[in-house]
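So the sequences go chain by chain: A and B.
Each residue of the first sequence is one higher than the one before, starting from 1 at the first, in our numbering.
Each residue of the second sequence is one higher than the one before, starting from 205 at the first, in our numbering.
Honestly, I wouldn't trust all of these hints.
Unchecked claim - Here are the computed lysine-lysine pairs in the DSSO-like style, where the Cα-Cα straight-line distance is at most 30 Å:
1) B/LYS403 with A/LYS36
2) B/LYS266 with A/LYS40
3) B/LYS403 with B/LYS487
4) A/LYS32 with B/LYS487
5) A/LYS36 with B/LYS270
6) A/LYS22 with A/LYS40
7) B/LYS403 with A/LYS32
8) A/LYS40 with A/LYS100
9) B/LYS516 with A/LYS40
10) A/LYS7 with A/LYS22
11) A/LYS165 with A/LYS176
12) A/LYS178 with A/LYS198
13) B/LYS280 with B/LYS270
14) A/LYS40 with B/LYS349
15) A/LYS119 with A/LYS68
16) B/LYS349 with B/LYS280
17) B/LYS270 with A/LYS22
18) A/LYS119 with A/LYS198
19) B/LYS403 with B/LYS516
20) A/LYS178 with A/LYS165
21) B/LYS266 with B/LYS349
22) A/LYS100 with A/LYS198
23) A/LYS32 with A/LYS4
24) B/LYS270 with B/LYS349
Since the hints were made in silico from the structure, they are not lab data.
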Amino acid sequence: MELKDFKNRNIAPGYIFFEGEKVPENGWQMFKRTVKRSIKGELFVGLWIVFREMIRFDIHTVQYPAEKLEMGPRYRAVHRLLRLFESGSERCIGCGLCEKICISNCIRMDTHVDERSRKVVSEYSINFGRCIFCGYCAEVCPELAIVHGSDYENASEQRAHFGLKEDMLTPLDTFKAKQQQEFPGFGALSDNADEFVKKTPLAY
Amino acid sequence: MNETAVVIETIIKAVIVLSVTAGMGAFATWIERKVLAFMQRRLGPMHVGPYGVLQLAADGIKLFTKEDIIPQNVIKPIFILAPVIAATTAFTAMAAVPYFPEFTLFGYTITPIVSDINVALLYVMGVSSVGVYGPLLAGMSSANKWSLLGAARAVVQMLSFEVVSGLSVLAPIMMIGSLSLIDINDYQSGGVTNWLIWKQPLAFLLFAMAGFMETNRSPFDTIEFEAEVVSGYATEYSGMRWGLFFVGEYANMITISVLVSIVFMGGYNPIWFIPGALVMLFKVSFWVFLFLWVRAAWPHIRPDQLMWVCWKVLMPLAVINVVITGLALV
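Chain B with its partners taken away, still in its complex shape (with noise of 0.2 Å):
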């Protein structure tokens, strides 16, 4: 009976932690739109609906309808399936990262967590690294040489930023000595003054820049700059399955928000007499603007140089971070 009712909650929670995300991915866009044409001093949508806030359903409507081109020389299953893990592995990782603190309803306490895993962190950063073959099947398997560079350029990329994010949240975890993202907030109650990024201010920079690479926003979305190489590994989609790759981004993008806003932000404790939840909600929003707010002010970098900087840079203050962390520790 008990187990039942587990089952039953896992589920509504997955449904509705994917619906909500999916659909504030969504509207990411929208905001995205308005907050790039403010800054560029453009009104952005304004037709669909009150200022433009029905874009995204517009945007939806010819996402559905469009015609589903799979183009003559791919490989069709990879091509097919490529979107699939790509927006997959984005919600996947969702499963482990808490949103809010637990609160009561009808009696019943609720934990808004899918599944509170002691290696939670260790489970985000795995699947969100399992994302990457989204963008390497769907570009090797377009028989297109931009999509081809665009899967090369996903796989340098991911292979130098993912030594990065391990070893920056490395000594965090270290201090803490949890990888459970409950815990890890848990540690930071009490106060803005206990939040990690006061003592780990050097690992939540490499986090936050490797968070920017994992999600392939500007200024390291160097696997699909349309300047050089036309749309990376999406050149060849079309429709829904490439509405997949964006909502993904999207679901990418709000999920390393949460994770930076936990590891490092004081997660969703509550701050003098406004609620947790009202904190974490701000935290993410401040975090999904950075991200546009990057995207408006800075150039793109090349290939070359986001290797150069992950290697001979980010690399090696990561591991002085972590020697440094250790020797305090001790």
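Looking at chain A on its own, in the form it has when it is part of the complex (with noise of 0.2 Å):
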């Protein structure tokens, strides 16, 4: 194998190399081509090209303000707290995971234990000037409390705004109109996710 296939490995059969035009070697190839790229009409192309665009008037055009873009469910953006469907209590159990698995080392939480000896979970800021939106939260998560949201306008008076668990955190007003949705993209449940559930063996 020469050197030249080995840089080719990957290129399928079929390929059609081009070399590129011929270089004109003296005046009269050099006339012959100005005269063949003349009549050639090869501006003509480009006019109906741009005409036909403007006929076809496929405008791609997002009017921003007034019309967004559809975010796909992967996409990464800051981050949001949910709240259980069934009691509206908040998911997270405060067990640390994403504290410790965060590489730019940007979450906090403060827990304390109530007077229910229940852990609670006090206080949770992510630092999103050093956050890099790598989602290891929302994978590690196993309560799918800390997911990605899809809000991506963060202008914002103060640099801790939407860090805050206040901010993240899924309004009261806003769950009972069950409008909390369940996050669809990076570290969640699949969809056939129950039928690998299985119950508890009895003689445990």
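Two independent chains are provided; combine them into the complex using the hints.
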């Protein structure tokens, strides 16, 4: 195997190589090339193509503040903290896995045990100045509590906005209006996740 | 008494031509943005007024109220004068151009031309070539390397295309025997088959190309091509001074469109049942559209390519065309 073949190894058979036009060597060939290019009418092909696009009127403009692009489910924008659908209480159990896995070290949480001996997350914050939106926190979360939202408009007066617990947690009125959406993206359960659930054997 | 009437009539005509073409030039900027946008699958200006029509009002307000910056090392009088030259010559050239057939208003026959001089074509081309002093002086007085490059390119370009436009239009003039645009128009009366474009296709092609060069439109806009010389001669200009260059460019575009329509495409002669004025409007609109269309479709050429094509291809062709026309006439 020569070096040339080795370099071309990922090209499918039937690939046509174009060496480029021959460079004219003398005046006569240059003259012929000029005449050929002048008569060929390639310029009119260009004219026709832009005119065709104008007639088709297939406009790709998104008039941004009035209309917005639909973000894909896997889009990783500013995080959200979800609530349990049944009770409305916070899903986060304060296990600290997200804090641990975060590679830019921007998640901080504060937990304590309340009077009913339950662990409560009192503070949860993400420093979005450092967050690289890798999605590890959403992937590692065992309760699907911390997820990525699709809000990409992050202009704010304060750097800390969007990153505090009250900013990320689904507000109760939104929750009561049943507008909390399950996160379909990174780290979420697949559609057929229920099929894989097995009852815990009583023998344990 | 009669002379006073002529003077008043001329002044009124001049004011009308000036205001209408300036307005059309401003409107053409909106048309240009829209056409270019549609050809690039965009919407163009949409926010000011219905479909962005009032964008030109917004632009006007912006240009008029913008701070007028005169940089430190420029030669001030020339820097101030240059845009005025560019705009003035563009509008002055329109003095000898007839726009519509003559018509009667309140029992008074009006010829829609400011001044029917017998060397109209020569006058128009002469005044438009004086227009190159705008970019030239602007570039040389700006104390900016990009501007200087733009000025140099302006001279190079003018030296190249003036020969072609002069020689190419010579052949039709030889056939008609008059430089008056009204005579040229009347020569082509009687239907599409009498248009000079059929008798002088090569001259038409060369003149159209020279027209693109004269108006600095792409593919020949070497003197203000952003990718190479930032904004060329206009780099240091801002506000209404830059606006004057802009208006001059669009006025030039309209003049060239009218000129090509009259000299080669039958002018304002009526076609079948369509009146001459409508025909003329349609032709001029088509040519303005063609300027925008070409800008959307074709790449720029380098200044050396421009000189090459002018001196080595177009000029010999123009000379051959003149010789053949002469032989045919003899």
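Hint check results:
no.	hint	in the structure
1	B/LYS403 with A/LYS36	24 Å, holds
2	B/LYS266 with A/LYS40	45 Å, violated
3	B/LYS403 with B/LYS487	19 Å, holds
4	A/LYS32 with B/LYS487	35 Å, violated
5	A/LYS36 with B/LYS270	50 Å, violated
6	A/LYS22 with A/LYS40	17 Å, holds
7	B/LYS403 with A/LYS32	27 Å, holds
8	A/LYS40 with A/LYS100	67 Å, violated
9	B/LYS516 with A/LYS40	19 Å, holds
10	A/LYS7 with A/LYS22	24 Å, holds
11	A/LYS165 with A/LYS176	19 Å, holds
12	A/LYS178 with A/LYS198	29 Å, holds
13	B/LYS280 with B/LYS270	19 Å, holds
14	A/LYS40 with B/LYS349	39 Å, violated
15	A/LYS119 with A/LYS68	40 Å, violated
16	B/LYS349 with B/LYS280	17 Å, holds
17	B/LYS270 with A/LYS22	53 Å, violated
18	A/LYS119 with A/LYS198	27 Å, holds
19	B/LYS403 with B/LYS516	24 Å, holds
20	A/LYS178 with A/LYS165	20 Å, holds
21	B/LYS266 with B/LYS349	27 Å, holds
22	A/LYS100 with A/LYS198	29 Å, holds
23	A/LYS32 with A/LYS4	34 Å, violated
24	B/LYS270 with B/LYS349	24 Å, holds
Figure legend: structure checked against the earlier numbered hints; hints not met, in rising order: 2, 4, 5, 8, 14, 15, 17 and 23.
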